[in-house]
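Engineer: From first to last, the protein sequence lines are chains A and B. The end of the first sequence is residue 994 by the working numbering, with every number in the run present. The end of the second sequence is residue 294 by the working numbering, with every number in the run present.
It should be emphasised that the hints constitute simulated quantities derived from the structure, not laboratory data. Since the structure is predicted, the reported quantities are computational estimates derived from the model, not experimental observations. Backbone N, C-alpha and C define an ideal beta-carbon position, used for all residues, glycine too. Any given hint might turn out to be false.
Partial list, derived from the structure: chain A residues whose beta carbon lies under 7 Å from chain B [stated by the list, open to error]:
#  : residue
1  : L797
2  : R826
3  : M829
4  : S836
5  : R841
6  : P851
7  : L852
8  : R860
9  : H867
10 : G869
11 : Y878
12 : H880
13 : Y977
Beyond 12 Å from chain B on every Cβ pair, some chain A residues (computed) [what the hints assert, rightly or not]:
#  : residue
14 : K752
15 : F755
16 : K765
17 : E770
18 : D808
19 : H814
20 : D817
21 : D833
22 : T843
23 : L870
24 : E881
25 : A895
26 : D906
27 : A918
28 : L923
29 : L982
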Amino acid sequence: MAEALFRVEALRVELPDMTRKPLFGPVPRLEILKGLDFEIPRGAVLGIVGGSGSGKTTLGRTLVRLMEPTAGRILFDGADITHLPDAAMRPLRQRIQMIFQDPMSSLNPRLTIGRIIAAPLNATSRDPRVAEALGHVGLPAEFVHRYPHELSGGQRQRIGIARAIAMRPDFILADEIVSGLDVSSQAQVLNLLEGLVRDLGLTLAFISHDLSVIRRLCDRVIVMQTGRIVEEAPTEALFEDPQHDYTRELLDAIPTPDPTVRW
Amino acid sequence: MLDGRGALRRRAGLRLWLSAGWQAVVMLAALFAPWLAPHDPLAQDLMLGRLPPFWLPGTEPGYWLGTDSLGRDVLSRLIHGARVALIVALVAGTATCLIGSTLGLIAGFYRGWTDRIIGRLVDIWMAFPPVLFAILLIAVLGTGLSSVVIAIIVIDWTRFCRVVRAEALNQSQMDYVHSARVAGFSRPRTLMAEILPNVLPVIVALLTLEMGIAVIVEAILSFVNLSVSTDRPTWGGMIAEGRIAIHHVWWVLAFPLAALFLTVLSFAQLGEGLRDRFDPVLR
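This is chain A alone, in the form it adopts within the complex (with noise of 0.2 Å):
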C-alpha cells in the first residue's frame, strides 16, 4: 500500500449536549466519533459510509479541521494538525480541500461564480485557473459572470467541485455531494469526479449513505455506525462478502435493478 496521506489515530469528538444543560453545574457531552484509526493512501479514494447519525459529516468536518477533535491525532502527509491553530493551519487549507453537502447554502448567493471560484486564489494566477477548473468540471467559461441561483442544481455541484479543484489541492473531502442531485445528475456528477481523481491525481474521501454510489468511486470503504468504525475492506470484498451485520443491512437496503415484481 502506499503511504499515507492522512492518518487518524484514536479520534474522538465529543460536543457539549445543550438539550440536556442543568440549570447549574456543567453541560452534559455527547460523544459523537468514539475513537477512529484509518488511513487514507495517497491517491486512494476512499469511501466513508454510514446511516444518519453514525458521525460520518462529523468525521469529515474534523478531518479538514472546520470541528475540533476532542482526543486522538490526525496527521495530514507525516504533519501531525489535531490542533494546529487557524493561522498556523492557514498554508495547508490550499492543500485540503472539501465539496458541500448543499451549493444552495456552501456558494455565497451575493457572488458571481467567477468571484466564488476566484477568491482563495492569488491575484496573478486567478483568470487562467478559473477557466481551466470551469473547463475541468465541463462548464463553459461565461459562466463566470453567473450567479449561482441562475444555475440548476448538478451545475451548482459542479462549481462546487471547480471551486476545490481551482486550489490544486492534494485532498478533497466530498461530503454527500451527489445526494441532493436527481438520478442523470448524479450520474454526471460521479463520472466527472472519477474522471478527476484519474487525471489529476487526486485523493479523495467520500462521504455517502448510499453504497451504489460508494461502489461506483471508491477503492475501499469504511462503514461506520454512531460513532464508530464497524468494518474497513476494500470495495470489491465488502459488497461479496460484509463482515458485518450492519454492513449487510446497508447492502439490502440497495435497490437492486430487477426486484420481484408483485404488482
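Fit chain B to the supplied structure of chain A, relying on the hints for placement.
Structural biologist: Relative to chain A, chain B alone:
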C-alpha cells in the same frame, strides 16, 4: 411566469423612480434654498398675515402656499425646512447605520463574549423610553442641530444592532462560511467579503427606513421645541405652529405635514426599490 416577473420589475421600477424623484426634489430644495425660496423665510409682515394658498380667494401674488399668522411665506419656510430635515436624515441615518451595523456584524459573527457584551448593552439601552431619553439628552447637550443628530444616533443604533446581528448570525450558519474557512480566509476577511454582501440588503433597507425615522424624530423634537432654534424654519416647528392656528390657517399645518409624510414614505420605498433593483438574488 416570465410575464409576471416582468410586471413585478416594472412596478418596482416605478416605485424606485417615484421615491427617488421626490428625494431629488427635497434635495434640490435643501441645496438651493436661498435661491429657490421666493421670500425670506423669517420675514414677518402682519399686513400679509393668514394669506391662503394660491387657489383660494383672497391671495396675494407670489405667496403660493399662503402665509402664517405672522405673515411668513409658507413655501419659503417649507423649502428652508427641507435643509434641516435632510441633514438630519443623511447624517444621523448614516452614522446610526454605521455604528449599529458594525456592532451587530461583530456580535453576530464572532458570538461568544463579544456577543454577550453587545447584547446586554442593547437590552439595557432599550429599557429606556426613547422619547424621554432624547429629551433628557438634549436637556444635557443643549438644543441645536448637532444635539438632535447625536440624540438620534444614541437612541437608534440598537435598531440596527439587533437586526444586523440576527442576520449575520443567520448567515454565519451557512456552508459558504465554512467553505471560506476551508479556503483559508481569515475571520475578518470572511466577515467583510462573504457575510457583508449577504447582510447588505438588510442594512440598506434599514438605513432608508432610519432616514425616515430621523426626519420624524427631528419633527417631534421641533414640535416640543427641543430641536434647532426658532429662527431656523423646520417642518416640525411649522407643524407645531400650525397646530395652534389650525382653525384659521390650516395650510400652515397641512403643507409641512404632507412634505414630512412624502419624505418619510419615499425613504422607505427607496430602500425597497433599491433592493428589488440591485439585489442579484431577487433580480
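Engineer: Output the indices of the hints that this structure fails to meet, ascending.
Structural biologist: Violated hints (numbers, rising): 2, 7, 8, 9, 10, 13, 20, 21, 22, 24, 25, 26; every other hint is consistent with the structure.
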